[in-house]
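2 protein chains.
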Amino acid sequence: MQIQNKTLKTILPLYKEISLLNKMLAVLGWDQNVNLPAKAAQGRADQIAYLTQILTEKWLDPVMKKTVESLKEADGTSGEEKAMIRNLQYASEYYYKIPKDIIIKKSKVSSEAFMAWQKARVENDFPSFQPYLEQIIELNKQIAQHLGYEKNPYDAHLHLHEPGLTTKLCADIFGNIRPRLTQLLSRIQKSEVYRASKRKRPTHDRYQLDYQKQLSEYVLHLMGYDFQAGRMDISAHPFTTTMDRYDVRITTRYDEFDFRECYTSSVHEGGHALYEQGVNPEYDYTPLEGGVSMGIHESQSRFYENMVGRSPAFLQYLMTHFQKYFPKSSISSISELTLYLNEVEPGLIRTKADEVTYNLHIILRFEIENGLLNNKMQVKDLPEIWNSHMKQFLDVEPTDDRDGVLQDVHWSYGEFGYFPTYSLGNLYSAQIAKTLQKEIPMKDPLESGNLGEVHEWLKKNIYHYGSLYWPNELISRVTGEKLNPDYFIEYLTEKYERLYSLT
Amino acid sequence: MQIQNKTLKTILPLYKEISLLNKMLAVLGWDQNVNLPAKAAQGRADQIAYLTQILTEKWLDPVMKKTVESLKEADGTSGEEKAMIRNLQYASEYYYKIPKDIIIKKSKVSSEAFMAWQKARVENDFPSFQPYLEQIIELNKQIAQHLGYEKNPYDAHLHLHEPGLTTKLCADIFGNIRPRLTQLLSRIQKSEVYRASKRKRPTHDRYQLDYQKQLSEYVLHLMGYDFQAGRMDISAHPFTTTMDRYDVRITTRYDEFDFRECYTSSVHEGGHALYEQGVNPEYDYTPLEGGVSMGIHESQSRFYENMVGRSPAFLQYLMTHFQKYFPKSSISSISELTLYLNEVEPGLIRTKADEVTYNLHIILRFEIENGLLNNKMQVKDLPEIWNSHMKQFLDVEPTDDRDGVLQDVHWSYGEFGYFPTYSLGNLYSAQIAKTLQKEIPMKDPLESGNLGEVHEWLKKNIYHYGSLYWPNELISRVTGEKLNPDYFIEYLTEKYERLYSLT
Chain A
0 MQIQNKTLKT
10 ILPLYKEISL
20 LNKMLAVLGW
30 DQNVNLPAKA
40 AQGRADQIAY
50 LTQILTEKWL
60 DPVMKKTVES
70 LKEADGTSGE
80 EKAMIRNLQY
90 ASEYYYKIPK
100 DIIIKKSKVS
110 SEAFMAWQKA
120 RVENDFPSFQ
130 PYLEQIIELN
140 KQIAQHLGYE
150 KNPYDAHLHL
160 HEPGLTTKLC
170 ADIFGNIRPR
180 LTQLLSRIQK
190 SEVYRASKRK
200 RPTHDRYQLD
210 YQKQLSEYVL
220 HLMGYDFQAG
230 RMDISAHPFT
240 TTMDRYDVRI
250 TTRYDEFDFR
260 ECYTSSVHEG
270 GHALYEQGVN
280 PEYDYTPLEG
290 GVSMGIHESQ
300 SRFYENMVGR
310 SPAFLQYLMT
320 HFQKYFPKSS
330 ISSISELTLY
340 LNEVEPGLIR
350 TKADEVTYNL
360 HIILRFEIEN
370 GLLNNKMQVK
380 DLPEIWNSHM
390 KQFLDVEPTD
400 DRDGVLQDVH
410 WSYGEFGYFP
420 TYSLGNLYSA
430 QIAKTLQKEI
440 PMKDPLESGN
450 LGEVHEWLKK
460 NIYHYGSLYW
470 PNELISRVTG
480 EKLNPDYFIE
490 YLTEKYERLY
500 SLT
Chain B
0 MQIQNKTLKT
10 ILPLYKEISL
20 LNKMLAVLGW
30 DQNVNLPAKA
40 AQGRADQIAY
50 LTQILTEKWL
60 DPVMKKTVES
70 LKEADGTSGE
80 EKAMIRNLQY
90 ASEYYYKIPK
100 DIIIKKSKVS
110 SEAFMAWQKA
120 RVENDFPSFQ
130 PYLEQIIELN
140 KQIAQHLGYE
150 KNPYDAHLHL
160 HEPGLTTKLC
170 ADIFGNIRPR
180 LTQLLSRIQK
190 SEVYRASKRK
200 RPTHDRYQLD
210 YQKQLSEYVL
220 HLMGYDFQAG
230 RMDISAHPFT
240 TTMDRYDVRI
250 TTRYDEFDFR
260 ECYTSSVHEG
270 GHALYEQGVN
280 PEYDYTPLEG
290 GVSMGIHESQ
300 SRFYENMVGR
310 SPAFLQYLMT
320 HFQKYFPKSS
330 ISSISELTLY
340 LNEVEPGLIR
350 TKADEVTYNL
360 HIILRFEIEN
370 GLLNNKMQVK
380 DLPEIWNSHM
390 KQFLDVEPTD
400 DRDGVLQDVH
410 WSYGEFGYFP
420 TYSLGNLYSA
430 QIAKTLQKEI
440 PMKDPLESGN
450 LGEVHEWLKK
460 NIYHYGSLYW
470 PNELISRVTG
480 EKLNPDYFIE
490 YLTEKYERLY
500 SLT
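Chains as they are written, first to last, in numbering that gives the first Met the number 0: chain A, 0 to 502; chain B, 0 to 502.
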């Protein structure tokens, strides 16, 4: 990749430093989640805070700032140059538009709020977390003012998490899918298969952790995950992190009594990792490196988790391997395995939700974030709001806040606008799968475990481009149209009508 | 700890940044040695180089430099302040006296030399490594000129590794111990026990890695290693690293056919870690944090490795645990276990050497380093020099350079003056043990496994002080006299006369 624009040429070495700092932060963060001894929490937090400060100063360096601000997208002499300039401006907005004291305050408040949240969650004590959340919302309102927005302060935060995303777009999409999801759920719950599966859930099986790991690694190999350029470890909450283009690590977690935890986490994170491992190496250390957005990233993880890992066709292939590792499991047929991995059941916890109910959890969070940033809801009322929404959306009600409003970490980190990208990922994944399916009928690869062709297609059409195309453009290029939630509903309906013998 | 000196007060926040950078480098380095995926070597090297550059710039920051240089040890209003000023000046010498371009060149050449050494070693090809080593020696000569020295350029490098160490001091000590070691070795080799043990070495035992790990962890617990403030992992070459005062990690390695590798490595590194975990917490993030020198550090690791882990009294205690973990081992008596762990046998490899021959390997390296820096030896002649010295010192001769001049990594890193600190550690450990023994007869703790009192004594007399006292002062304070090699020879003689029934 030749760079013609001279200003851009002078920025790239500075950007490489930013890229290196981000990768080192990834190392510190990975180790914090995977290895950290109990007493080392404060020390590691101090290291991360200091490295973050160095990173902030690097963005605010006068030469860097002046040069980035002097560039216009149109100055780029190629699509790649234009995209680099666009991404530089997008990434720098946070540092250039928001006063430094607010950035520092937000980082400090988030750090305190995270600790307060951990304690509040253990003690089921929302009021102790309330003042921290109030501070975060106040800061996020200020941040929205500095970033600017057309109609809704929430837009500024959505755009931070997914370029171009707006409250209106989310509201339209969610307004479209919510009744259709609810209707599908209701059909499932009325089915005989649903009632029967509720009666005979396996409860006494044990799955040796070593074998869970081996089964996951086997599937990751099939997917094309490069273990020479990554590794799999254990953490409380599974995640993927890029320390280098040749060091994309994933984590998983184990439940001795339920192999689904490890299996779906590994495959999900593996999907994220394939994306990062597959970006054009010419983009290394430039603003085009890495996946383009959280929504597109989530589409890749959800594709492998749901459309491969949980698909009846692939599970048909996997069954012999499953039985080799777990000969004593009470799950003894392909259909049992398939139903077990695709069980639909409204529940309290987002991260454990099935494909049908998952987005209802997100819509609830979207409405609350929007309400809070627009002064239509008050933090003190959140537990009640949460519970009544849960009742309304999913017909379940938390008995305490641990399983309700305190269940997610995101708000304590100061993140508003993150949740909707999970739903976008689900929708993108179905739309992409539909296109893929036209070019490569998935039946063969899934039933044979030969996923190489699928991997190559995703690499060529998505991974390779890294952050070159923004989500809207990418999805249009790949599928020929903009985001269309019909594909997701169609995918779900077809899959679950069959699984639950709906008529 | 109250700081009175105003200049020192202004430096400490800057020093904290240096301390944080060093700790982050420790994280990157630990991960590099323990976890790094095969393809990620270059990326990690780039990250480490960049963070090292930030660290160098922090030292060279004009405010930092001016302030450090303006301070005199006498300005300190307490012993702690004086020591901080002394340590600041000691640590900054490398950055302030040596021109930046030489520092950068040395870092670059070392990085290339390390790769060349790895390749040369695999291919048993010393000539391919020769030009790199020549460059390193040339740079080290220049560095010695910039640092300054009284008589011998080697002094400058010895002082970098152990404050106050000189060529003359090493030569005196080594001249003293070499004939005494050779004589003891010769007595051992003539003994009946030696000849008998050579005949019946266990060769077909297998030691399950999990149990090796558990045995090591058990001994580390006895030693007082805090697993809440550290952890044990695996690496090709065992090491200890401090990422934070509450995050002191050790590594070990396993040989399925020989449990000694894991056991002695774990206990050795555990000794280093106890030192770091035991420093006065008031010294955190100041120039007094961490162990004072490589020699004193090695005394703490060797103390646990040899005077605890390999002592007949402790092995008598350990035998029941050993048999619990390894009931099928052909080692079936305490005396067999003791002899197996203390076997004396001249060999080619320093890291596998027993206590009697170990220092002869060091003396050989000392003579070569001295010869090279003073133009009395040429790099091209090293393989011959090495082999003839081995013949002369240990009566063994390498058949190839892999097991000869290419066996150690140190020179490829650019380190001259490192090896002698290993011997200092051995000598210090015997002198310290002698004093400890007067206050706490070691027989009871070793035979009962109750090592708490020993740990407390070392903590109170050595660990606690961190880098407050320089090695000479520390050893005088603890033992009442300066370094005296007689204690080491006396310790060896007594131990091996008994083990080998010498008369």
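Since the hints were derived computationally from the structure, they do not count as laboratory data. The reader is advised that the hints may include incorrect statements.
When chains are identical, the list treats them as one kind, so a pair holds in a single copy or across two.
[To be verified] Simulated crosslink set (DSBU-like; lysine-lysine; CA at most 35 angstroms straight-line):
(1) K442 <-> K379
(2) K8 <-> K38
(3) K459 <-> K38
(4) K458 <-> K71
(5) K81 <-> K327
(6) K38 <-> K81
(7) K390 <-> K8
(8) K437 <-> K140
(9) K437 <-> K327
(10) K323 <-> K38
(11) K107 <-> K197
These numbers come from a predicted model, not from an experiment.
Results for each hint:
no.	hint	in the structure
1	K442 <-> K379	neither (51 angstroms within a copy, 65 angstroms between copies)
2	K8 <-> K38	between (45 angstroms within a copy, 28 angstroms between copies)
3	K459 <-> K38	between (45 angstroms within a copy, 22 angstroms between copies)
4	K458 <-> K71	within (30 angstroms within a copy, 62 angstroms between copies)
5	K81 <-> K327	neither (58 angstroms within a copy, 69 angstroms between copies)
6	K38 <-> K81	between (47 angstroms within a copy, 31 angstroms between copies)
7	K390 <-> K8	neither (56 angstroms within a copy, 59 angstroms between copies)
8	K437 <-> K140	neither (45 angstroms within a copy, 69 angstroms between copies)
9	K437 <-> K327	neither (39 angstroms within a copy, 62 angstroms between copies)
10	K323 <-> K38	between (41 angstroms within a copy, 32 angstroms between copies)
11	K107 <-> K197	neither (46 angstroms within a copy, 65 angstroms between copies)
This entry does not satisfy hints 1, 5, 7, 8, 9, 11, going by the numbered hints stated previously.
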